[in-house]
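Colleague: Assemble the complex: chain P is given as a structure, and chain H with the ligands must be docked to it using the hints.
Each chain, letter by letter, is given below.
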Amino acid sequence: MARIFMKGNEAIAEAAVRAGCRFYAGYPITPQNEIPEYMARRLPEVGGNFVQGESEVASINLVYGSAQTGTRSMTSSSSCGISLMSEGISFIASARIPAVYVNVARGGPGIGAIQPAQQDYLQATKASGNGGFRMIVLAPYDVQEAVDMTYAAFDIADRDRNPVLILADGVLGTIMEPIMLPEEKSPEEVKALKDAKRNWALVGHRPDEKRAMIEPGRFAGQEPANIENAKLYETWDKDIQVEEYLIDDAEVVIAAYGISARIAKSAISLLRKDGYKVGLIRPKTVSPFPYASFANLDFGKVKAILDVEMSIPAQMIWDVQYAVRGRCPIETTLRSGGEIMGRDQILKAAKELCER
Amino acid sequence: MEQLVYKRTSLIRPDTSSGFCPGCMHSTVCKLIGEVIEDLHIEDKVAVVFGVGCNGLAMNYLTFDNTTSPHGRACAVANGVKKSSPETIVFTYQGDGDLGSIGLGETVAAANRGDNISVIFVNNGIYGMTGGQMAPTTLIGMKATTAPQGRKAELHGYPMHMCELLDSLTAPVYLERVSCNTAANVIKTRKAMKKAFQNQIDGKGFSMVEIVTTCPTNWGYSTLDALTFLEEEMFKEYPLGVIRDKTEGGK
Ligand SMILES: Cc1ncc(C[n+]2csc(CCOP(=O)(O)OP(=O)(O)O)c2C)c(N)n1
Ligand SMILES: [Mg+2]
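Same order as they appear, the protein sequences are chains P and H. Take 3 as the starting number for the first sequence in my numbering and just add one per residue. Take 636 as the starting number for the second sequence in my numbering and just add one per residue.
Bound-form chain P, shown alone (with noise of 0.2 Å):
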């Protein structure tokens, strides 16, 4: 398959297109318009449906009822239009219905900045809604792996009823790079998923088959449907993606995920060339998030952690300082707000803490 020049949420679409997508539903918000206007006009080619929600809260709700019939089906927004999807989202993994949804984040609290930020961490991460469900929470670091996960996301939505998060930001939402593309499901593959879910699906039964009954929550006895889902969550260690950069001989390690952590790896690379120890743990799963990867790092080599995020204060660092439990001193180099990580101050925080 050919290499093609797309921008990240352009790409987003089409991958989601790919994997089977064929219902969206959205509101207009910056920096992840081109996703609603790419669905808009692809989605109808593949016989699929598109919806301008009203509001994102609509749009999160129209999503939880195509879901429902057992169509693969996703809206996106950005982080205050996220917040406004926060009851749906509840919805959706309380009735354990599979979604995916992505969060082309940008800056905050509150409206925001339009420009990129990763300031949604820990609502991402540890709540998206009420009643302390969980999800798994790809973040992307560069325009091909926001293709790959989106195409990933809806088997791993299918395979668990759950709702999957894929964590991009307004850079990788509005860069373009050349990607190859996941290869397109046919119809009778897009039917068969949809015919898979036909037993819970919200379609109409008949009498005598087995009633569709979707319950998100129930006035009592919500229990036992808690149970089963902390059961899920405890099976997805092995979902846990990271990556360890050059981390064997590193004394300053650089925890950074989404585009902070490619800012990082172009740091990286010349303070390597000037002899500076550094490397990199990526979580390219921030829920479930790669503990180990930080327990299990020598200790006795590394000297500090230095934690490289676009959000002020710091919030990932609270999963890696978890992992450390003080065994090392954590330092962080940060931007928000929509100001753009910078390599140079990622060298010159890293050199501090090599030279220390």
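Derived by calculation from the structure, the hints in this document are not laboratory data.
Computed list of lysine-lysine pairs in DSS-like fashion (alpha-carbon distance at most 27 Å, straight line):
1) Lys-212/P to Lys-666/H
2) Lys-212/P to Lys-829/H
3) Lys-212/P to Lys-642/H
4) Lys-212/P to Lys-680/H
5) Lys-680/H to Lys-193/P
Modeller: Relative to the frame of chain P, chain H with the ligands by itself:
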């Protein structure tokens, strides 16, 4: 010769009680829903999207596919279902707080798009499930736990008329207000529901049946006094009848 003239709808479980309060018209509404589904022979392709409110008590009681939406979002959920499973006959079952307050946006947008769904809207002028707080439909002067002195226009505005509000839009195909206080009105409600479902089957678009009902428990009336209040006060504010009918032969 014996002739069967009436039987209980098979779409209500015989072994479960509904949980509705005595005198509540939700039970009649549920019965009519079951009968209409049987009339139309759509038992195998019907699905209800419950709103959040007393209607949700029917969850364990109606025997066909069902789901619950977040409070107010039933029309959005139903449209999502319909778009991705066009052969499914999907309807929402919502209260006045659900449809007219928290879900006003979703209701108006679905009606305005002409989404091909049917809406069963139970207007009891109050928040029943949560214990009698003021609804957008509460009458002027009517007491609610959050309007202890009664609804005051200067403070709370006026009762909202959802059928008339939606009648200002171009797309909706059918809007009718009915009640279940008399046998004649029950028959009208059944007809209206059937029409709302038939419109969807025929692909005509958005239909809503508003059923003006009592809530003896939260109105603080006996069943009979609640009926009197319904007929003397509620019907004055919410006159029964067809508000919009764009189907053939309609007005
Ligand atoms: C987001 C949210 N807000 C509030 C509630 C609490 N709540 C449950 S039912 C209800 C009122 C429903 O009133 P109405 O729609 O009129 O239905 P009724 O019970 O009167 O039939 C409210 C406010 C909720 N479940 N979810
Ligand atoms: Mg009510």
